[in-house]
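Chemist: As given, the protein sequences belong to chains A and B, one line each in that order.
Read in order, the letters of the first sequence are residues 1 to 272 in the working numbering.
Read in order, the letters of the second sequence are residues 1001 to 1359 in the working numbering.
You can trust all of the hints, since none of them are fake.
List time: in silico DMTMM-like cross-link candidates among lysine to aspartate or glutamate, alpha-carbon distance up to 20 Å:
| id | chain 1 | residue 1 | chain 2 | residue 2 |
| --- | --- | --- | --- | --- |
| 1 | B | K1074 | A | E173 |
| 2 | B | K1131 | A | E161 |
| 3 | B | K1102 | A | E173 |
| 4 | B | K1105 | A | E173 |
| 5 | A | K156 | B | E1054 |
| 6 | B | K1015 | A | E100 |
Residues on chain B that point at chain A, a partial pick, calculated with CB under 10 Å:
| id | residue |
| --- | --- |
| 7 | A1079 |
| 8 | A1086 |
| 9 | Y1088 |
| 10 | A1144 |
| 11 | R1147 |
Listed next, with one range per pair, are the computed distances between beta-carbon atoms:
| id | chain 1 | residue 1 | chain 2 | residue 2 | range |
| --- | --- | --- | --- | --- | --- |
| 12 | B | I1071 | A | M111 | 42 to 50 Å |
| 13 | A | F146 | B | S1039 | 37 to 45 Å |
| 14 | A | G104 | B | I1067 | 35 to 43 Å |
| 15 | A | R179 | B | T1218 | 40 to 48 Å |
The set of hints was computed from the structure by calculation and includes no laboratory data.
No residue lacks a Cβ here, since even glycine has one placed at the ideal position from N, Cα and C.
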Amino acid sequence: MVIFKKTVFYTILFAAALTFLYPFIWMILATFKPEIEITEITLLPSVFTLRSYELVFNKIPIIRSFLNSLFVSVTATASVLFFSSMVGYSLSRLQFRGRELIFGVILLTMMIPAQITLIPMYILMVKLDLTNTYRALIFPASISAFGILLFRQYFKAFPQEIIDAARIDGAGEFTILYRIIWPNSIPTLITVGIITFMGIWNDVLWPLIVIRKENLMTMPQMVTLFSVGGRAEAQLGAILAAATLLAVPVMLIYLFFQKYFIRSMATSGLKN
Amino acid sequence: MADVVLKDVTKIFDKEIYAVKDFNIEISDGEFVVLVGPSGCGKSTVLRMIAGLEEVTQGDIYIGDKIVNNIAPKERDIAMVFQNYALYPHMNVFDNISFGLKLRKVDSKEIEKRVNDAAEILGINHLMQRKPKALSGGERQRVALGRSIVRQPKVFLFDEPLSNLDAKLRVELRTEISKLHNRLKTTMIYVTHDQVEAMTLGEKIIIMRDGVIQQKGTPVDVYDNPVNKFVAGFIGSPSMNFITGQVEDTQGLLFNRGSLSFPINSGAEDKLKEFVGKDIIFGIRPEDISISGKEKGIPMVVEILEMMGNEIYLHLAIDQNTLIARVPPDTKVEEGQKVKIIFNFPKAHYFDPDSQIRI
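Pulled out of the complex, with its shape left as it was, chain B reads as follows (with noise of 0.2 Å):
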């Protein structure tokens, strides 16, 4: 177990390409912390680099107390769980879980005692015979993890494990390895571009962009307080809705898009007064559009309606605007309805449009 500190890591790749700038953070012993971000972001680059598969070009990464940029992997006592499971292909799952604790010549009972206990935790105990060609996508990621865990290894790297696999199996490896996590109390990195595996496993999670993080935090307090524009449209599924539009004072502040503008009443017009005659972006999340039951509200019409079961997405447009809403799925509306809808103002959020940072 141990802590991990990353102190202004960058990676350049062919003299000139940034693929990670300045990367700076503390993971404390124990936690689980998700790095999360579009393809192409730098996210796996920063876990290959602390696992040693990818140079640092300049900065320090520390495991524990001692500075690893010049380790090699093995020495690292890292594991690692990858995307497309790479197992390997002639060895059945016994071979592949154990490989690494007979290259490190652990005792051959103290072996069979680590990968039983490993295949009991995963449910593949009746698999031990197989090799991976007649294995499913599920059972093959299950015995990657066994894999890694019987190393015990200080730090577990997560590289998209669960990308491979179908809807329902994510959900459920998704919990195991939360699971896995609350029992084994170590560090664990995990490098996903699903939001929704970000928000649910992770106690902190990093969002990247172009090599640079953007914000930091728990997942709340980043689905809450996004920093700028791009956390807020990458975290939260459908994305925040953005409309860009003027700022005018007419007896208290007046938000102008055409026939979609509204006054703001959020609290939030002291930050927005030196906005007066500029343009700003307001951002409200889809479930923080309601529909009115009254007169008042801003008239849409009902474009699209995606009914998931649970709860009924809502494409609203009028003129060139479109947004999407949140609503119960009991709510009476149709396709081509004229509705109005209300924001909750204090939830909406505001962007400079020039540095597309939170106002």
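Only chain A is shown next, with the shape it has when bound in the complex (with noise of 0.2 Å):
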């Protein structure tokens, strides 16, 4: 009976993975296949060819638009580490009027949606005169209410007497949050880390409204004027090729931080 349940079990979980799977499998087969071979059911190829890898490097500064995405989405991630964990710090450990109103405030913000705050945010960066840098990208991305939330209430269950013992060593705000409480904080930071990364690298629609200049276009953007600009030459092969490579540095931090991310997903707001 046991056993029985368990392959009942198994079988779903394998049906359901599969299902999540097989595109992506289909997607990285796809673009080692011969172009005229892409719209047929077999999921291997027949020869193997990096001919869509190829016509991918050959047609677009892919790697200059790779360094640009890791370079805007590190130092976002690490902005949005550093100051919405000082929020966060703030508004769960200090004591100040109107902590509780700017808390709710903060969570305000999460609850619109940035389609109605692209407009502005576009006048805000062409009257700052940023447009075409990468001030663009990582300045309204540098610090997120999600991040500060998360913080917040992972500081809260943090021992109070650690830092009563500490401010008594003579350590001053600074010292305690990124001394004494980041070190014990991990798998919040990854989590923060991870979500913040994907955001930024994934995202589409702010780089393509604020950056026109080739040389400064993030992966998503690039591959997405590839595709449907007219220079993948309706090639299914080279695009399927530029989304692949797309993905991969994202499933990649995935894979080697899931264990903490898992950790805190499972954790976050019970810890005492």
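Using the supplied hints, reconstruct the complex from the two chains, each of which is provided in its own coordinate frame.
Modeler: Following this line, the structure appears as structure tokens:
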């Protein structure tokens, strides 16, 4: 009976996993097929070829866009971790007038869809003369309400005595946050880090609006323009190859940190 | 090293809750003072105000001759040991102990020397590379002690440091803290709800209740001369027995409580005269009750007998009245046995039932 139950259970899990994985596996394998085979039902290529990738690398500065994306995402993520944890700390641990109000306003900003602020944001960037710079990509993403919320909740559960002990030991607020609390909040840092990184890495709309110069374009922007902009010459293989290149870094990061990520998701809000 | 003085210190939470009220103490340099009281009596709040972790609503706190009300904890030159150790989980023992010194930019050779000296005193040299997670409760608290010693502060503050330890370790570390005080001769302020710790450690003890000081004095003084019923009941284990009864005047004073009535002959007659016809509370400690070998005495029944090894606790009853007596271990009694008891009247106390103050 137990074995039967397990079999059913794993069959369902396997089927579900397959539903998610199949398109992805198909995409990756399709990039190694000759163009003519892509629309066929077979999964494995009859001849292994890198032509699709060659096309991508020849047609667009994909490496440059990869480096742009990497620079923007890493900088913005580091900034989110730094600033959001600072705000999360003050909202959870410092006493000051209007603290709850400020927190409420921050929560409120999470409820406004990004599309609504898109145009005002763009105008702001133009007025600040930031269009066509990395700063236009980094500044708006350098602090996040979601990060603040997550840090605040986690820091609330941090033992007050340890903070008191550090204060008596001579630590100021920055030392307490970055030298005492941070090293004990690794899972939360990783969670906020991954979610922020993925969000910035995958964003297409914002870069499309503020970046026109090709040498500043991010990878998703470049790949999108490549796919729909005609430069792929309607070659499905090349489009898929570009999409694969785009997905790989995020996947690697996720695989590397997933242990922490899941642990943090499982314990957030429960820790005492 | 420094005196610590609290003048009319009051702490109000949320504009209406008085955690501490008009608190006045003078702790002289090198003294070991214990603040004791039931949970919620404000003793920890007093300590946290001295540490600077809690703001003072009214009044002044002096460390040395400086008012420290608005001085940050790190500038007050104090060290504090917490109930749950409060070690930094990501640092090993050495880093935990030396963290405060590093922040104060002490020379690294000096740090090493001080940490080693402290570790020597506390017997934790072999644990230097371990993380707190890999230490037992007793070891953790030793590390926490080490962390406060190396700073060489003017004042040590202890907030129920032994409460999370088992009984044996508690005794062990208690002696350790006593030795530490003898060695360092620094002012120490110790908060506990455990009256045994208070009695054994303190040179002076301060008993608190509902944010107000009930009594201060040496342990012996507080034990022998409690100012009110609360102090009398709080200090001593098992607690003092209290019986409410009426004072009657029939050829000398008589304490009347039905079957538990006896003539008052303790030398307190003069003070009690004005209570004739009124209720009073009679208090007697368990060790001041003995079993009479003769016909004389108040008849009672042994309900429960608790053998402690070195002594016996007898739970005595007659009608609705119960008493606990502490008698030598060789006393020949059994549960259910009828006995006659005698009070050691010179050690008895009388309390006004309205004000609860000792008469």
